[in-house]
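2 protein chains.
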Amino acid sequence: MRVIVIGGVAGGMSAATRLRRLDESAEIVVLEQGSYVSYANCGLPYYVGGEIEDRAELLLHTPESLTARFRLDVRTQHEAIAVDRAARRVEVMDHRSGVLVELEYDVLVLAAGASANPLSAADIPVHTLRTVDDVDAIDALLPRDGSATALVVGGGYIGIEATENLVRRGVPTTLVHRGPHVLATLDPELAVLVEAELRANGVELRTSTEIESVDRGEVRLSDGELLRPRLIVNASGATPNTGLARAAGLRLGANGGIAVDAQNRTSDPHVYAVGDGVEKIGLDGEDALVAMAGLANRHGRTAADVIAGRPERNSPALGTTVVRVFGLTAASLGWSEGRLQRAGRPYRAVHTHPMSHAAYFPGAERMALKLLIDPADDAILGAQAVGGAGVDKRIDVLAVAMAGGITASGLARLELAYAPQYGQAKDPINQLGYVADNVRTGTTATVQWHELPALQRDGAAVVDVRSDAERASGAIPGALGIPLDELRERLDELPDGPVVVYCQVGQRGHTAARLLVQHGVDARNLDGGYRTWSAGRAAELAASETMEAR
Amino acid sequence: MRVIVIGGVAGGMSAATRLRRLDESAEIVVLEQGSYVSYANCGLPYYVGGEIEDRAELLLHTPESLTARFRLDVRTQHEAIAVDRAARRVEVMDHRSGVLVELEYDVLVLAAGASANPLSAADIPVHTLRTVDDVDAIDALLPRDGSATALVVGGGYIGIEATENLVRRGVPTTLVHRGPHVLATLDPELAVLVEAELRANGVELRTSTEIESVDRGEVRLSDGELLRPRLIVNASGATPNTGLARAAGLRLGANGGIAVDAQNRTSDPHVYAVGDGVEKIGLDGEDALVAMAGLANRHGRTAADVIAGRPERNSPALGTTVVRVFGLTAASLGWSEGRLQRAGRPYRAVHTHPMSHAAYFPGAERMALKLLIDPADDAILGAQAVGGAGVDKRIDVLAVAMAGGITASGLARLELAYAPQYGQAKDPINQLGYVADNVRTGTTATVQWHELPALQRDGAAVVDVRSDAERASGAIPGALGIPLDELRERLDELPDGPVVVYCQVGQRGHTAARLLVQHGVDARNLDGGYRTWSAGRAAELAASETMEAR
Ligand SMILES: Cc1cc2nc3c(=O)[nH]c(=O)nc-3n(C[C@H](O)[C@H](O)[C@H](O)COP(=O)(O)OP(=O)(O)OC[C@H]3O[C@@H](n4cnc5c(N)ncnc54)[C@H](O)[C@@H]3O)c2cc1C
Ligand SMILES: Cc1cc2nc3c(=O)[nH]c(=O)nc-3n(C[C@H](O)[C@H](O)[C@H](O)COP(=O)(O)OP(=O)(O)OC[C@H]3O[C@@H](n4cnc5c(N)ncnc54)[C@H](O)[C@@H]3O)c2cc1C
Ligand SMILES: CC(C)(COP(=O)(O)OP(=O)(O)OC[C@H]1O[C@@H](n2cnc3c(N)ncnc32)[C@H](O)[C@@H]1OP(=O)(O)O)[C@@H](O)C(=O)NCCC(=O)NCCS
Ligand SMILES: CC(C)(COP(=O)(O)OP(=O)(O)OC[C@H]1O[C@@H](n2cnc3c(N)ncnc32)[C@H](O)[C@@H]1OP(=O)(O)O)[C@@H](O)C(=O)NCCC(=O)NCCS
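Protein sequence lines, in the order shown, are assigned to chains A and B. Reminder that position 84 of the first sequence reads as 84 in UniProt numbering, one-by-one numbering, no gaps. Reminder that position 241 of the second sequence reads as 241 in UniProt numbering, one-by-one numbering, no gaps.
In case anyone wonders, no lab produced these hints; they're calculated from the structure. Built from N, CA and C at the ideal position, the CB exists for glycine as well. There could be a bad hint or two in this list.
Reference listing, derived: stretches of chain A covered by chain B, where coverage requires no fewer than 3 residues with Cβ under 8 Å from a Cβ of chain B [said to hold, decoys possible]:
hint, segment
1, 1-11
2, 81-95
3, 286-296
4, 336-349
5, 396-406
Part of the chain B face toward chain A, derived, beta carbon under 7 Å [claimed, not checked]:
hint, residue
6, GLU24
7, ALA26
8, PRO118
9, ASN297
10, ALA401
11, GLN421
12, TYR422
13, GLN518
So the derived list for chain A, only partly shown, Cβ under 8 Å to chain B, looks like this [stated by the list, open to error]:
hint, residue
14, ALA26
15, SER315
16, THR320
17, MET355
18, GLU415
19, ALA419
20, LEU455
21, GLN456
22, ARG457
23, ASP458
24, ALA461
25, GLN507
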C-alpha cells in the first residue's frame, strides 16, 4: 500500500507517524511544498518576539529524523500540483530540481492547511505569519532598536499574538481590526478586557477600522489616520487550501472547506482530508471551520486509524481556544452569546468574576467568567473567560463538562482539587453551577447588562447594595444606594414596583434579591454585577464612538 | 422554625448562610465552641510560615458580619454538651459566662468537624494545627531565628503543609511518618517524588518510623534516633467528632463517622450532619470518610436546601485532593493502585511523564501522571499527578471526566484549550487517552514497573531504545541497548523470545513495540519508561531499607 500525504505539518505528519505505527509495511510519502516539516506553527510569533530564543526549537522534526524513526519518505519543496483521482495519481513539482513527477497512490491524505486571506498593500511589504520562512523574513526586516513601526491587520488570535510579540521586540505597533471588537469568539463585555490590556501595553488598537489605501509607503486607515509602517502583518483570517481538492472534484462543505465524514474520508473513499483545510463537525452536527492545532493533530491520527482499518470516529468540535494577551489569558469554547442571538436560539447567560484561588492566599487574580446555557435542558452551550491565573484550567474543566454532558447546574457538584494555592473550597466552577442553578430554579431571577436600560425605561428601580466606598468609585446612574448589610433595616426606603439590585460581581446582589423577594419585593439581580455592566457599557461606547468617528 | 447549627466553620456556616437565603424567617442559631467562626482552616499552615502575613486574612467572617448580612445568631465559645432528641433540645455550655443553657430546635445540623487523633508525648508541647488558636500557640512558641527545631508527626497533607511552613519559618524540622510513604492517596512511585522534594528542601524525613518514647524533652524514634524538638506538631490523622451524635443514639457509619443519606439526613429526620464528622458516599456507594473543605461546604449547602424543602442530593465523593510541596504539586482522585490491589479489584494502570505545556515554549515543567482504569468498561477509576505547573489542571480535568462518565480512551477526544503557554496540541490528557486506548485495544501491551522482575525471571529480554547518552546516565541492569532510530536495522541483534522495550517515559517504547510486533517479535512496552521504573525501584528500596534499619 502506498499512502501519499500532502502537507507535512500538524495534520499530515500526525497521520503519517500514526500510520507507520499501525502499519510497518506501508509505503508512506509526505509531500511538503515548504522547506520545513513538523514545525511549531503556534510558536512562530514567539520567535519573532524573542521569547523562544532558539530557532531550532521551532523544528520538532526533520525529514531525516522522520525517516530514521518512522521510515517516512519526506520530500520538502515538493508541491502537489494536481490529483488525478481516476488514475490515483498526484502530479508533483520538485522545486529544487524544477522537475515534475507523477506518483501513484492507494490512499491519499490531504493536509494542506489554510492560507492567509489576501491583502494587497501596494508598496509596503505585507507578511503573513504562518511558516518558518515567514518569521525569518519578518526577523530580517525589523531592527530591534525601535526605529521601525508595524501595522498588524486582524485582531483574531494570530493578529494579537503577532502584535504582542512585535511590541515585545520593541516595535511600536498599530493593530487594525475590522469588527467592533477583537477575538470574535468572545462577547463584547469580555473582549473589552482584552482590548484594555492591549492598550495598557502600548498597542495602538483601532477597532471598526480597515486599511483604506496604501500609497508610497503611507497607509491610510478608514478613520483617516495616516501611518508609515515598516512592516504590515496580514492576520486578517485564513481560507482552507482547497485548490487541489476542488480541481479534483471532491465535495466541499458549507464554508468552503473540504467535506469529510467523522472518519475524515472525503467524497472519494481513497482520499482523506484533515486539518485547517476541512470542515469539522459543528456543535449541532453542522459543517464548521474550526482551525485548531489540536483538531488537526487528532484528526490526522483518526485518518491513519481509519486507513489502517480501525473504527475511530471524531466527535463534534467545541472550538476550545485560548490565547495569552500580555498579562491576561483569554479563552472560550462553544457558542458565544452573539452567535446564539444571531441563530435565534434561546439561551441563559451567567457572568461571574471569581478569584483564581482562595482570596486569603497571596497571588489570587480575578477573572471574568461567562457561561451560556440551554434553557430547555440546562446543557452547557459555551463558555468564555478572561483573566490571569487559572483561566485555562476553568475553560478546560468546562470543555470536559460539556463533552461529558454535565449540566450547568451539575457544575455545582464537581469535586475539583482544592488547596488555597489552586482554587477555592467552592471553586469558581462550582459557584458558576450554583448561580446557574439559582437562575434555573427561579431562586434568583437575573437581568443581563444589556437588558437593564429597557427595564429602567419600564420603571424598574436600580438598587446598589455595595458599600458607600465602592459606590463612590463608580455606579450605575440613578441607582439608589443601600448597602446589603443595612438592607433589612431600610426596606421602607425602596420605591414601589420592580427592583433590580446589583453589587460588584453579582454575589451580594443574589443575597439581596433573595432577601427582598421574601419581603414581597419584585427583585431581580444584575448578572455579573457592576463589573459586567461597566464592561458591557464600555463595549457599547467603544463601538458607537468608532461608528461616529466615521 | 428554629434551626440550630453546631459548629461554625466550613460545613456549619455554609448551611446557615444558604438557609438564610432560602428562608428569611427561620431563626438560625450557630453554636461554636471556639473563639472564631468562618475561618480559613486550609490557610492556617501558611500563617505559621508567613506566606499569609495578615492574621485577619484567616477570618472570612465574624459573628457581627454574619448577623448583619445573614441575620444569624452566632454564639462563639458556646459548646454543645448534649442533644436530647426526644425533646429536640441542645444543652449548651457558654464558656464565657460558665452558664449552661438549653435551646430547643425544630431542626438540628451537626457540623462539629473532626479532631486530631491523640498523641501523648509527655513533657514536650504537642500542638495540633486545626484552629486559629492552634496557630497562635505555635506562633508564640517558635522564635524565628532557627534556634528551635520541630518534629511533625504524620506525612499526610496537613503534616506536609506544617512541615513546609516550619521550614519556611527557618525551623529545622523532622517529619516522622508511620507508613512506608507519605501521602497515602499516592502510590509509592509517585510518593517518592514528593519525598525527594521534601528532602531537597532540607526536611529530615523519616518514613516507616514512629515516636517510641519521650523523656525529659528527648524524643526517641523507632529507628533509634534521638531528637530534642522545641515543638511537636501532631498531624497523625483525625477522627470524626461524633461524641454528641453517639450519645444521642444517632446511627454511625462503617468508619465511625455519622451516617447520613444523600441529603445529609441522619437516622433522626430532624437532625442533619455535614462535613468531616460524617461518612460520605464512596465511589462504590460504600461509606467513606473523606474530609475535605469542598465537600463540607457543598454538603452544608445541601443540608440547607433539604431543610428548605428542595430536592438537592449529593453525588459520590471522588476524594479529589491537591497539596503544594515546596516547588511541587501533588494531586489525586479516586482509587489508587494500592487500594485497588487491596480490594482485589482488577485494573489497568498507565503512567506518563508529559510536559505542562509545549516543550518548545520556555518554562515547561515535567509531571508524572498516572491513570487507573477499569478493564471491564474502560471507566476511569482514579488518577494521580506530581509535578510543577499544570498538575492541578490535569487532575481537575480528570475529575470532571470521571464525574461525566468519560472513558479512559475517551480522554483522547477531549478538546482542551491549546496555546503553547498552556498545553500541547495533544494535551497530556489526550496522550493519556491514547496510551489507555492502545492498551485497551491491544495495540501495545505494557508491563508495569513492578511486573518486570517476574518477566525477567521468566526469560524476557529487556531492550533500552534510548540514546547512548541517556543510557549512560542510568539504565535497567542487564538491558540491551538499541536506540529506536536504529532498531529496524538491528533487529537481528535481538535474542529470541519475549522482549520488554523501554525508553525514558514510554513514548519511544510504544513506537518500538509497534515496530517489533510487526516484525514478529513478542514485544511489550515498559509503562512509564525508565522514569516510572526508577521511581518504583527507589520506593521499594526506601521501604526495604527502613525495614532493615529496624
Ligand atoms: C502563527 C500561528 C499561531 C497558531 N497558534 C495556535 C494555537 O495557539 N493553538 C491552536 O490550536 N492552533 C494554533 N494555530 C493553528 C494551527 O497551527 C493549525 O490549526 C494547524 O497547524 C493546522 O494543521 P494542518 O495540518 O491543517 O496545516 P499546517 O500545519 O499549516 O500544514 C499544512 C502544510 O501543507 C503544506 N502544503 C499546502 N499545500 C501544499 C501542496 N499543494 N503541496 C505540498 N504541501 C502543501 C503547507 O506548506 C503547510 O506546511 C496557529 C497557527 C498559526 C499560523
Ligand atoms: C491545617 C488544615 C489544612 C487543611 N487544608 C485543606 C485543603 O487544602 N483542602 C481541603 O479540601 N481541605 C483542607 N482541610 C480540611 C477542611 O478544613 C475540612 O475538611 C473542613 O473544614 C471540614 O468542615 P467541618 O465543617 O466539618 O469542620 P470544621 O471546619 O473543622 O468546623 C467544625 C467546628 O465545629 C466546632 N465544634 C466541634 N464540636 C463542637 C461542639 N460540641 N459545640 C460547638 N462547636 C463545636 C469546632 O470548634 C470547629 O470550629 C484542612 C484542614 C486543616 C486543619
Ligand atoms: C509531532 C508529529 C510529527 C506527530 O508525531 P507523533 O509521534 O504522532 O505524535 P507525538 O509525538 O505527540 O506522540 C504521540 C504518540 O506517542 C504515544 N505516547 C505519548 N506518550 C506516551 C507514553 N508516555 N507512553 C506510551 N506512549 C506514549 C501516543 O499514544 C501516541 O501514539 P499513537 O498515536 O500510536 O497512540 C506531528 O504532530 C507534527 O508534525 N507536529 C508539529 C506541528 C504541529 O503540531 N503544529 C501545531 C502545534 S504547534
Ligand atoms: C463563607 C461561608 C460563611 C459561606 O458563605 P456563603 O455566602 O454561603 O458562601 P460564598 O461566599 O461561597 O457564596 C456562595 C453564594 O454566592 C452565590 N454566588 C457566588 N458568586 C456569585 C455571582 N457572581 N453572582 C451571583 N451569585 C453568586 C452562590 O450562588 C452562593 O449562593 P447560594 O448558596 O444561595 O446559591 C462558609 O463557607 C465559611 O464559613 N467558610 C469558611 C470556612 C471554610 O470554608 N474552610 C475551609 C476552606 S479554607
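Here is how each hint holds up against the structure:
no.: 1; hint: 1-11; verdict: violated (count 1)
no.: 2; hint: 81-95; verdict: violated (count 0)
no.: 3; hint: 286-296; verdict: holds (count 5)
no.: 4; hint: 336-349; verdict: violated (count 0)
no.: 5; hint: 396-406; verdict: holds (count 9)
no.: 6; hint: GLU24; verdict: 4 Å, holds
no.: 7; hint: ALA26; verdict: 11 Å, violated
no.: 8; hint: PRO118; verdict: 26 Å, violated
no.: 9; hint: ASN297; verdict: 5 Å, holds
no.: 10; hint: ALA401; verdict: 5 Å, holds
no.: 11; hint: GLN421; verdict: 5 Å, holds
no.: 12; hint: TYR422; verdict: 4 Å, holds
no.: 13; hint: GLN518; verdict: 4 Å, holds
no.: 14; hint: ALA26; verdict: 11 Å, violated
no.: 15; hint: SER315; verdict: 5 Å, holds
no.: 16; hint: THR320; verdict: 5 Å, holds
no.: 17; hint: MET355; verdict: 13 Å, violated
no.: 18; hint: GLU415; verdict: 5 Å, holds
no.: 19; hint: ALA419; verdict: 5 Å, holds
no.: 20; hint: LEU455; verdict: 23 Å, violated
no.: 21; hint: GLN456; verdict: 26 Å, violated
no.: 22; hint: ARG457; verdict: 30 Å, violated
no.: 23; hint: ASP458; verdict: 27 Å, violated
no.: 24; hint: ALA461; verdict: 20 Å, violated
no.: 25; hint: GLN507; verdict: 11 Å, violated
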